[in-house]
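Each protein sequence line maps, in turn, to chains A and B. Residue 1 is where the first sequence starts when you use the numbering used here, and the numbers rise one by one after that. Residue 1001 is where the second sequence starts when you use the numbering used here, and the numbers rise one by one after that.
Hints are computed from structural coordinates only; laboratory data are not their basis. We treat Cβ as the ideally placed atom computed from N, Cα and C, and that holds for glycine. Wrong hints could be hidden among the right ones.
[Unchecked claim] Examples of chain A residues toward chain B, derived with CB under 8 Å: (1) V27; (2) P31; (3) A38; (4) W56; (5) A107; (6) W157.
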Amino acid sequence: MTGDMPREEETGDMDLDAALRALIGRVDPMPPPVGRYAIAAFAFRDSGEDFADLEWDSLTDAGVLTRGPDDGRMLVFGPAGPDGIRVHLGVTRVAGGFEVDGLVEPAGHTEAVLLHDGGAVRRPIDVEGRFAADLPSVRSVRLRLRGAVSPPIVTAWVAVG
Amino acid sequence: MWYGTDEADYSETTLKESAMEPNETAALVHRARAGDASAWEELVRAYADLVWAVARGHRLGAADAEDVCQTTWEKFARSLGTLTDPDRAGAWLSTTARRESLRVLAARNRTPPAGDMAWIGAAREDQTPEEIVVAADERLRDDDLASRLWEGLNRLGDGCQRLLRVMMAQPAPSYAEAAAALNVPIGYLGPTRRRCLEKLRRLVRPAVSGSLEHGHDR
Chain A
1 MTGDMPREEE
11 TGDMDLDAAL
21 RALIGRVDPM
31 PPPVGRYAIA
41 AFAFRDSGED
51 FADLEWDSLT
61 DAGVLTRGPD
71 DGRMLVFGPA
81 GPDGIRVHLG
91 VTRVAGGFEV
101 DGLVEPAGHT
111 EAVLLHDGGA
121 VRRPIDVEGR
131 FAADLPSVRS
141 VRLRLRGAVS
151 PPIVTAWVAV
161 G
Chain B
1001 MWYGTDEADY
1011 SETTLKESAM
1021 EPNETAALVH
1031 RARAGDASAW
1041 EELVRAYADL
1051 VWAVARGHRL
1061 GAADAEDVCQ
1071 TTWEKFARSL
1081 GTLTDPDRAG
1091 AWLSTTARRE
1101 SLRVLAARNR
1111 TPPAGDMAWI
1121 GAAREDQTPE
1131 EIVVAADERL
1141 RDDDLASRLW
1151 EGLNRLGDGC
1161 QRLLRVMMAQ
1171 PAPSYAEAAA
1181 ALNVPIGYLG
1191 PTRRRCLEKL
1201 RRLVRPAVSG
1211 SLEHGHDR
């Protein structure tokens, strides 16, 4: 779908459907970087990391009675890897950004890397699997978990801000 | 281009036409699973615009829509090996894009703006809705038909705007893919799409002089 919009005198046989497609092609085409990223995403097929997709989100999955404070949100990623790792993440909006509290079950990883649209924050994970971090006002976050023995895990991106 | 003799038949044929038949999609998924990058690129060519259309149909701005697209394609790549229905990869992509779009909307604590199509031309997040609509108007000013179509789209309800935006993906989505994108039964699509197009025709018609009338004219 490229090129100029058809002139009205040429649209006698042109259907509305095609005219709409041509219109959208002018006012809202998919940006080329989106297509390039999609092609590059093939590399994720075999990234060497176990992937922990978002399993539960209090923002969209919680009933009224279980919903937390207005500024608090609970996310659960996983299960991932042969051990069925789950990552529980509490994200609380505070002045200037977010407070993040995490729990990895079962414990075993030693470092959490919180990747966001502005960079990354590294935090140690204790023997019980807990970690905490402060984040600036960011749009999206994902975690990478690393450990000497446990296989690396990456979570899905999640929009937070 | 397919010229139908009946609006209903034409609409349904257009709706059913998509880039690939399900068996073709399945074959590409299997090849991509085996590491064939060219097969992956064909899948991207077939469905990238649909994923974009789903995100934009949820009235996400450009940056959020790009995030949804990136997340969707990454998840698809990671899920290649475990897809249970490779022939329905298009519907899988549509569903994932829809869910990610809803999650972004919830996270931004955002209610999509109702009414005008300001969201559709949001090239920059710092553009006001008024600037976006004006910019689109400027781009279309030299084309009377396009301007009237644009004006008509702006006057449709939210449901028709989202449905038509998804349908305007290139290539056109299949019934299953569109239904997944909109989270509606497949049987809902044909009649609703016809109703939305008829509404749009009525909005555009006063200055159209029959150029966009029913298919039997053609």
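Checklist entry - Which numbered hints are broken by the structure, listed smallest first? => result 4, 5
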